[in-house]
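Turn these sequences into a full structure, and let the hints steer you where they fit.
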Amino acid sequence: MATLKISGLSKSFGIKTVFENVSFDVRSGERIGLVGANGAGKTTLLKCIIGTEEYDKGSVKASDGAIIGYLRQDFNYTSHTIREEMEEAWKDVLFYKDKIERLTRELETNKSDENLVREYGRAEERFEFLGGYEYESTTRKILTGLGFSDEDWDRDIRSFSGGQKVRINLAAAFVRHPDFLLLDEPTNHLDMNMLEWLEDYLRSYKGGILMISHDRYFLDAAATGILDLENHHIRSFRGGYTRYMETKENQDRAYQKAYDKQQEHIKETEEYIRRYKAGIKAKQARGRQSQLDRLVRLEKPVHQASLRFHFDPPQECADKVLDVLRVEGSYGNQVLFKDLTMHIRRGETVGLIGPNGAGKTTLLKIITGEKKPDSGFVQLGNNVKMGYYSQEQERLHPNLTVLDEVRNTFNFGEKEARNILGMFLFRGDDVFKTVGMLSGGEKARLSLLCLFLEKPNFLILDEPTNHLDIPTREIMEEALKAFGGTCLVVSHDRYFLDKVVGRILDLDQGKLTEYLGNYSYYREKKKDLEEFEKDRNGLAAAVEEEKKEEKPPEKQHQQKEEPSQADISKLNHVEMEIGRLEATVKMYTVQMSMNPENYSALAQEYEEAKKKLDDLYRKWDELAEKTE
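In our numbering, the protein residues as written are 576 to 1203.
Simulated from the structure, these hints should not be mistaken for laboratory data. Keep in mind that a hint or two might mislead.
To be verified - Using C-beta positions, here's what the derived DEER-type ranges look like:
#, residue 1, residue 2, range
1, 881, 855, 46 to 54 Å
2, 830, 909, 50 to 58 Å
3, 855, 1004, 15 to 23 Å
4, 1193, 970, 43 to 51 Å
5, 709, 1091, 24 to 32 Å
6, 825, 920, 39 to 47 Å
Since the model is a prediction, treat every value here as computed from it, not as a measurement. Backbone N, C-alpha and C fix where the C-beta goes; we use that ideal spot for every residue, glycine too.
Set out below in structure tokens:
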């Protein structure tokens, strides 16, 4: 069994200790999650293990001949194409390939040179050992599995989206089938389908895996153990994230109790010594002092500073917060969706999900007014005050300091601004950092602070948990649950969606599908629908086959059949569509009275919607009769 052994590893930057005396093993078949607050040193630890960062003391040892693959977090490519990036991953193999080709040419003119023959044999043996004869087919298999076509191989690597770049990094890490995989935030920018693919891939991986992640759902699904890097030290736990949290909380409570009890004992002993050190009990007092001197004192528990905030009670607004009516949106020349309709009411927290590229961010920009729809209408209710959190954080000013960003935007004095910044963990000299120099997590916290200060009653959040550590995500969840206003969230964080949303809208292939529940409910219902469709298609095929084999039966008096599940599902779907279309027709009526200049166009849209509604009423009557 291959083993990666880390022993007594320590690292400091100047006087700042990152971690010290860190020791743990990663064995074949183990999938270890590395967790900790932002800035705890997780990425630095991974870089020390792979050798791109020097450590101060300790050792890193892998089994003889073991290969270590590394998934980096950044997109700073030196390569220009995917092909070149993959060749970088195979550079040792390609070295021997080039060597074999050179030696082959030399042997054509010097066939009797024994040294050349031996050198050729050694090069070929090494090439074969490293998987040289399979490198092209292996690369193609990995890239195809990650959704890349042959045409993508020579595309400019900068032209790919963030999610696609993560997949390129995954391909570079996976392509050599290393004995150990070190993954730094592998779930960032991945959509739901790719997340599930990654979980399945890692669960079937034979080698050892060490992965940094703040994705709690992913850690529960993929991890067999957790390493917690906190206060410069490592603690090890068995199982996934949920089991780790339960165990850690129990251990922390027990340690705090033991520390408090020891402090009480020390205080009582010191008081006894003070009282009797000069009296008739002086001997006993000296004995107590001797015991106290020998006592192994527990270190005071260190609690990490955490973000503290809650949204102010939202201003009252109309019951109908948002109506999106028959909207068409595009990106460049590509139409992402059309005839899209959605409604959000006061007090709802709605999750908007879908594959990368489906148009979720485009839809949010249309709702916020940053982008005009190609057609259709967006209507906000009375007294609705929108607050928008963009994953790009483009509203921040990169050349301003953190302090000036808050002071200039909200007209605060320095003291007031510092107090508020402290709630969001910007303290001391941190407030004088320029926004452009902040880490991803720091920018996310500053954007959250600005959103908090705007005091909206309708929050629109685009990937709000990106770059946030687990404690901050949990605080945000609690703040949103206590918000009391309305919220529309785009997120791939499944754990977060489970905690905060009460309705899921799935945007896929230009259409919205509604699920009344959180993410787990959505997954359950979607799985049921997929199985239902599979069973129905299988049944239909079987019935068709029977019809071919059997003669048509003679006409008999038929008893009324029980309604099929398919008819019941259709009826429920039609009822849902009727409700939506009724709201749409009503909205067009309002728009025609409010926008007389667009009356003709609106009237046409109204008539089309009314006709569709009449058709749905007729369809409902037919289905209702079948299901009685």
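Hints, verified against the model:
Separation of residue 881 from residue 855 is about 52 Å and conforms to the stated range, judged on CB atoms against 46 to 54 Å. Look at residue 830 against residue 909: about 56 Å separates their beta carbons, and that is inside 50 to 58 Å. Restraint check, residue 855 to residue 1004: a C-beta distance of roughly 57 Å breaks the suggested window 15 to 23 Å. For the pair residue 1193 and residue 970, the supplied restraint of 43 to 51 Å holds, since their beta-carbon distance comes to about 49 Å.
For residue 709 and residue 1091, the hinted distance range of 24 to 32 Å is not satisfied, since their beta carbons lie about 49 Å from each other. As the Cβ distance of residue 825 to residue 920 is approximately 41 Å, the hint placing it in 39 to 47 Å holds.
Hints 3, 5 from the list above are not met by this structure, while the remaining hints are.
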